[in-house]
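Between the sequences and the hints, there should be enough to build the whole structure, so can you do that?
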Amino acid sequence: MFRCKTCHANIGNTVRINCAVCQDFDLCVTCFTAGEELDKHKSWHDYRVLEQYSFPLFTEDWGADEEELLIEGAEMHGLGNWQDIAEFIGSKTKEECEQHYMDIYMNSETWPLPDMNVKFKIDDETMRERKRRRVLSADNRPQNPPPKVSQKPLQSLPANHEITGFMPNRMEFEHEYDNEAEHVVKDLEINEPQDPPKDTEMKAIVLEIYNKKLKKRAERKKLIFEHNLLDYRNNKATEEKYKSKEEKELINKIKPFAQVLSKQDFDDLREELLEELSTRIKIEKLQEYRRMGILTENEAVKYEAAKAQKETNRELAARPHNGHVNSTINSDRLAAKYAAKIPPVSVREQQQQSPLSSPYGSKTVPSSSAIKINQRRTPAALNLDDEEGVHLLSEAERKLCENLRILPKSYLVIKETILKEWAKSGGSLRRRQARDLIRIDVNKTARIYDFFIEMGWIRQLSDNTTGGISGNSFGIHNGGNSGGKGGGMTNAFFPFFSHNFKRTRFFTSLL
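In terms of the UniProt record's numbering, the sequence shown opens at residue 1 and continues consecutively.
Treat the hints as calculated values from the structure; they're not laboratory data. Wrong hints could be hidden among the right ones.
[What the hints assert, rightly or not] Okay, the calculated beta carbon distance ranges per label pair:
1. Q99 - G35: 42 to 50 Å
2. M167 - N383: 50 to 58 Å
3. E95 - N252: 49 to 57 Å
4. N107 - A9: 34 to 42 Å
5. T126 - E95: 22 to 30 Å
6. A381 - E271: 29 to 37 Å
7. A308 - E219: 43 to 51 Å
8. N107 - L230: 30 to 38 Å
9. S278 - G78: 53 to 61 Å
[Claimed, not checked] Listed next, the in silico DSSO-like pairs over lysine-lysine satisfying Cα-Cα at most 30 Å (straight line):
10. K42 - K5
11. K221 - K248
12. K215 - K253
13. K255 - K212
14. K245 - K310
15. K186 - K216
16. K221 - K253
17. K263 - K216
18. K310 - K248
19. K222 - K212
20. K255 - K236
21. K245 - K263
22. K241 - K285
23. K307 - K285
24. K203 - K186
25. K213 - K255
26. K245 - K255
27. K399 - K424
28. K248 - K285
29. K216 - K236
30. K241 - K307
31. K186 - K222
Built from N, CA and C at the ideal position, the CB exists for glycine as well.
Spelled out as structure tokens, the structure:
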């Protein structure tokens, strides 16, 4: 586009006067006839009259001036911005500009240059008349056509795609792996003849490191595209199929193998390992039934129902409640509700699996009444090998926690609470006080209390005894009857009730 240096009028489509002395100095006819002077330009300088060069260069419908405006518009607005380029030319539409550029400059047989040997048999007057008609028709077109509503984004921007940050047209991410790798080499200049050898060697090492980063970046892109990780919805649906904790852990463990396996091989490996995991879980479940003496499917259903209810009761017991009476009533109701669903257990099995056996060696033979009260099977001992804090327990403490299914951290808190309260009360902590102090199953509290007495950490004190802990104040001798206020009970009598009765009024009255 040419403009007059003095009045700044557009003279690209008309005759202009070019100064032969001053460089790039053009004037319109009006300013030239008025003798306008500017800076070093004088009116007496030699000049050239330049007419509008409308002759065709490559096609009959494009003049040389339009070819020049097309190249200048592409440099100013960028290739692909055909609407602005067409407005810059003024006589062409954006479709004509794009088609002409692709045909003449991109698809030329003499690429990268257009074919310069084309000859046309058309005079300048005809070419100017054609251009005049195109300009007039362009003026008659609506200036602001209504914008077309596009269903897809016009630009490949990160925000316009399902995976935020990915630009599919460029196959690039907004933030690449090691995104700052280019910062090291962006200002690197290599001038081998002038640079010292050590500098040249150092720059070569920097470029080698940069190439390694690019290689890692390409490997990650290859993995993403091969395994179709950009298909977010499909991958999300696949992950939702695996809901159990074991399946999710297994999938996370095998993910590194995706780097060395194809997508089909990785999918096959995943499905086969999941099938193996499912088979192992079924085998472990059958082995558990076998250990519990379950032989039929009906017994297995009852066992699972009782097991699920026991977990529910444990969760309810762990929750804070408003009072001891309400929790006692709820426990009795739950026990009565599910007592009929529990399969009967023989006396021999009760003796082998009875919770009355002490975790630290002593044994107690249950009576017939105890067997009737405690009809529920004892759950398997808890495995504490991988639990946190297990190294802080002695062997006896660990065995106690395994039998009572208490985590080491919870046991240590209970231990600290009971021992602190016992020391604060001057050695007068009773079993009932310990039971109210620790809001867990009363049977577990009683067994922990008895364990502390067995280990010699605290001394037993009867609930009916007033006073300290001197001598044998709780009134129990080895195997005989006592002479104190809580007399008439043997050493075997206390564990019997503390292990078997579930928060009953009878148990409370005895203590």
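Checked hints:
1. Q99 - G35: 42 to 50 Å: Given a distance of about 46 Å, which is inside 42 to 50 Å, the answer is holds.
2. M167 - N383: 50 to 58 Å: Holds, at about 51 Å.
3. E95 - N252: 49 to 57 Å: 53 Å, holds
4. N107 - A9: 34 to 42 Å: Since N107 and A9 have Cβ atoms about 38 Å apart, the given range 34 to 42 Å holds.
5. T126 - E95: 22 to 30 Å: Holds - the Cβ-Cβ distance for T126 and E95, about 24 Å, lies within 22 to 30 Å.
6. A381 - E271: 29 to 37 Å: This hint holds: roughly 35 Å between Cβ atoms.
7. A308 - E219: 43 to 51 Å: 48 Å, holds
8. N107 - L230: 30 to 38 Å: Distance hint for N107, L230 holds at roughly 32 Å.
9. S278 - G78: 53 to 61 Å: 58 Å, holds
10. K42 - K5: 13 Å, holds
11. K221 - K248: 25 Å, holds
12. K215 - K253: Measuring from Cα to Cα gives roughly 25 Å; hence the hint holds.
13. K255 - K212: 24 Å, holds
14. K245 - K310: 21 Å, holds
15. K186 - K216: Holds: K186 and K216 sit about 19 Å apart, inside 30 Å.
16. K221 - K253: The hint holds at about 21 Å.
17. K263 - K216: 19 Å, holds
18. K310 - K248: 26 Å, holds
19. K222 - K212: 15 Å, holds
20. K255 - K236: 15 Å, holds
21. K245 - K263: Judged against 30 Å, a Cα distance of about 24 Å means the pair holds.
22. K241 - K285: Holds: K241 and K285 sit about 22 Å apart, inside 30 Å.
23. K307 - K285: OK: K307 and K285 at ~13 Å, within 30 Å.
24. K203 - K186: 12 Å, holds
25. K213 - K255: 22 Å, holds
26. K245 - K255: OK: K245 and K255 at ~16 Å, within 30 Å.
27. K399 - K424: Distance of about 28 Å is within 30 Å: holds.
28. K248 - K285: 20 Å, holds
29. K216 - K236: Holds, at about 26 Å.
30. K241 - K307: 26 Å, holds
31. K186 - K222: Given that 30 Å is the threshold and the Cα spacing comes to 25 Å, the pair holds.
Checked against the numbered hints given earlier, the structure satisfies every one of them.
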